[in-house]
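Next come the chains, spelled out residue by residue.
There are 2 protein chains.
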Amino acid sequence: MKRLLLIPIALAGLAAALPAAAQFQKPEDAVKYRQAVYTVMAAHFGRIGAMVNGRVPFDAAAAQTDAEIATMMSKLPFTAFGQGTNVGKTGAKPNIWTDQAKFTAAATKMQDEMAKLNAAAKTGNLEQIKTAFGATGAACKACHDDFRKKL
Amino acid sequence: MKRLLLIPIALAGLAAALPAAAQFQKPEDAVKYRQAVYTVMAAHFGRIGAMVNGRVPFDAAAAQTDAEIATMMSKLPFTAFGQGTNVGKTGAKPNIWTDQAKFTAAATKMQDEMAKLNAAAKTGNLEQIKTAFGATGAACKACHDDFRKKL
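First to last, the sequence lines map onto chains A and B.
Counted the way our numbering counts, the first sequence spans residues 1 to 151.
Counted the way our numbering counts, the second sequence spans residues 1 to 151.
Just chain A, with the same shape it has in the complex (with noise of 0.2 Å):
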């Protein structure tokens, strides 16, 4: 009983250690969906921008929806910059594949950033969101100018 046990915490554990890139058929597969999550995060995260700077009234549960979404959507795009994927229309320099310490730091400070937009919105507090919006544009740009083409 005990081998036939193993074999499939063997496969797990081989799941585990496939890398991310495998979870694309293609490598057009994974610039799709990398593009497709950096659109909805950047509509929540606009969102929030235009309460942030007025253009629409304050909606602290909208907020919170938006900051929730785009957190979630912040931590899905690095698995599709496995190698072999700078392929096709895409934004993304080639440096990410080249200085991947540098690219990973700045996708972590995003990352790290929007979260705490997240738990900013879930105070409901306009100050502190507005504080917290501007450190994630920040971050935000800061990847940008490093590792996207100019359009």
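Because the hints were derived from the structure by calculation, they are not lab data.
Everything hinted at is true.
Note that the list lumps identical chains together, so a pair holds whenever it fits in one copy or between two copies.
Only pairs whose alpha carbons sit at most 25 Å apart, straight line, appear in this in silico PhoX-like list of lysine-lysine:
| id | residue 1 | residue 2 |
| --- | --- | --- |
| 1 | K141 | K116 |
| 2 | K109 | K141 |
| 3 | K89 | K102 |
| 4 | K26 | K75 |
| 5 | K150 | K75 |
| 6 | K26 | K141 |
| 7 | K26 | K149 |
| 8 | K109 | K122 |
| 9 | K89 | K26 |
| 10 | K122 | K75 |
| 11 | K116 | K75 |
| 12 | K75 | K102 |
With chain A fixed as given, assemble chain B onto it according to the hints.
Just chain B now, kept in the frame of chain A:
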């Protein structure tokens, strides 16, 4: 004082009454957003499918995360089908806007089945996940058959 206070309340009421499409600056933004949401939803739903169909080993924690993301995505696209958003490169059929009750029912059915899949994923029981995955996939297909152009 009473008079001054009434103004922001009236504005807030107006914002709540605004159509969901007003969350997008251009109709094309709504199209891009809903397509991105479906891309993210399909990617994570598909990963559960790979486990259900035995193409990859079952990983209960991964299935739970995938179901959580797919469920959050399932709530989002339908704010982006406002009047005037049948534009550009879209797979949406025109009857989305002429048979809205049926479209809403199909969308709601998918959301309900996805929520059940999310609940099943939390149990960690693959058989329950399989059943819920099948029902969710059927709800996706039913809506696509009626409201998405054949590719």
